[in-house]
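Number of protein chains: 2
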Amino acid sequence: MDQKIEVPTTLYLEDLYVHQRFTSGLYHMEEDRIKAFAAEFDPQPFHLDEAAAQRSVFHGLAASGWHTAAVTMRLLVGSLPFASGMIGLGGEIAWPKPTRPGDELHVESEILEIVASRSKPNQGVVIVRCITLNQKGDHVQAFTAKILVFKRPGDPNNAVLKPSAS
Amino acid sequence: MDQKIEVPTTLYLEDLYVHQRFTSGLYHMEEDRIKAFAAEFDPQPFHLDEAAAQRSVFHGLAASGWHTAAVTMRLLVGSLPFASGMIGLGGEIAWPKPTRPGDELHVESEILEIVASRSKPNQGVVIVRCITLNQKGDHVQAFTAKILVFKRPGDPNNAVLKPSAS
Numbered sequence: 001m002d003q004k005i006e007v008p009t010t011l012y013l014e015d016l017y018v019h020q021r022f023t024s025g026l027y028h029m030e031e032d033r034i035k036a037f038a039a040e041f042d043p044q045p046f047h048l049d050e051a052a053a054q055r056s057v058f059h060g061l062a063a064s065g066w067h068t069a070a071v072t073m074r075l076l077v078g079s080l081p082f083a084s085g086m087i088g089l090g091g092e093i094a095w096p097k098p099t100r101p102g103d104e105l106h107v108e109s110e111i112l113e114i115v116a117s118r119s120k121p122n123q124g125v126v127i128v129r130c131i132t133l134n135q136k137g138d139h140v141q142a143f144t145a146k147i148l149v150f151k152r153p154g155d156p157n158n159a160v161l162k163p164s165a166s
Numbered sequence: 001m002d003q004k005i006e007v008p009t010t011l012y013l014e015d016l017y018v019h020q021r022f023t024s025g026l027y028h029m030e031e032d033r034i035k036a037f038a039a040e041f042d043p044q045p046f047h048l049d050e051a052a053a054q055r056s057v058f059h060g061l062a063a064s065g066w067h068t069a070a071v072t073m074r075l076l077v078g079s080l081p082f083a084s085g086m087i088g089l090g091g092e093i094a095w096p097k098p099t100r101p102g103d104e105l106h107v108e109s110e111i112l113e114i115v116a117s118r119s120k121p122n123q124g125v126v127i128v129r130c131i132t133l134n135q136k137g138d139h140v141q142a143f144t145a146k147i148l149v150f151k152r153p154g155d156p157n158n159a160v161l162k163p164s165a166s
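Protein sequence lines, in the order shown, are assigned to chains C and Y. When we follow the numbering used here, the leftmost residue of the first sequence carries the number 1, and every step to the right adds one. When we follow the numbering used here, the leftmost residue of the second sequence carries the number 1, and every step to the right adds one.
Read the hints as simulated data drawn from the structure, not as lab findings. Since this is a predicted model, take the numbers as computed values, not measurements. Any given hint could be a false lead.
Repeated chains share a single entry, so a pair holds when one copy, or any two copies, can fit it.
Stated by the list, open to error - In silico lysine-lysine, BS3-like type, Cα no more than 30 Å apart, as pairs: (1) K35 / K136; (2) K146 / K97; (3) K136 / K146; (4) K97 / K120; (5) K136 / K97; (6) K146 / K120; (7) K136 / K120.
Throw the hints in and build the complete structure from the sequences for me.
The structure is reproduced here in structure tokens:
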């Protein structure tokens with residue numbers, strides 16, 4: 001229902017720590033948008049047509065995994081308040097269950113690791129596990145993301161990363 | 001320019017082999033669509049506004065990585081002609097360079113591995129490396145995908161996978 005993104009507090013690399021957790025708002029998956037996204041980017045019968053989807057391995061209309069991924073990004077932008085934005089370098093993605101029309105999705109994220117940059121002392125890479133859940137608690141996507149994060153500006157001596165804090 | 005998808009020949013699991021390659025058609029990245037996709041799914045300044053993007057690590061307007069991923073899927077649907085469709089279980093994704101307005105993307109795919117299902121003799125998982133390139137040959141996305149593929153129906157005795165063929 002609530003597609004609004006809250007304005008978050010801004011976090012720099014120094015503010016992050018392993019096991020830090022973030023929870024997103026909600027995103028409602030509408031059938032029309034599922035079909036329109038699929039028509040543009042993933043035009044396969046099980047994403048476009050209910051009858052065809054019933055006969056497929058999905059046993060009913062399912063959103064494209066890339067639609068689930070895009071919605072997850074929307075929720076992450078509102079819930080991982082990194083100062084320079086969510087600059088994703090990539091990661092490992094999986095869709096254990098399909099997203100369905102009417103699903104209410106949210107994302108629970110946890111920092112797994114913080115890796116200092118050797119060449120660029122003002123930045124680092126944060127490994128974050130982002131689980132996308134539906135209203136029943138099913139995991140519809142697991143994404144372990146590598147995200148570029150910057151240090152607070154104007155602190156040139158702060159060249160050593162804190163490995164953890166709390 | 002050419003957003004059309006060619007109708008492919010249908011391939012079953014028995015038709016696939018390691019090192020088999022597929023090349024997609026072209027997809028033109030339009031600035032308006034880059035901004036609209038970002039406004040819906042990845043509302044960050046460097047995907048929405050040229051001036052803000054110039055000041056960011058991207059040094060110019062860049063498409064959301066998830067837009068590049070969605071376009072890659074569109075190109076894969078037209079170029080990996082698996083009989084039951086492109087049913088992706090997940091994979092490893094990376095964006096070595098940003099996608100820019102005006103880019104002409106295509107995808108080059110290669111089968112790396114074919115894994116038989118132990119529990120379901122009529123299906124298997126195919127590992128495919130899908131590289132998305134721009135008109136200069138830069139790699140804008142690397143996706144190593146796990147794709148569910150079915151065997152040809154009506155051949156119940158064909159329970160052993162060919163590891164390779166050509």
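Going through the hints against the structure:
no.: 1; hint: K35 / K136; verdict: within (22 Å within a copy, 33 Å between copies)
no.: 2; hint: K146 / K97; verdict: both (23 Å within a copy, 15 Å between copies)
no.: 3; hint: K136 / K146; verdict: both (28 Å within a copy, 26 Å between copies)
no.: 4; hint: K97 / K120; verdict: between (39 Å within a copy, 18 Å between copies)
no.: 5; hint: K136 / K97; verdict: within (12 Å within a copy, 37 Å between copies)
no.: 6; hint: K146 / K120; verdict: within (16 Å within a copy, 34 Å between copies)
no.: 7; hint: K136 / K120; verdict: between (43 Å within a copy, 28 Å between copies)
Hint compliance for this structure: no hint is broken.
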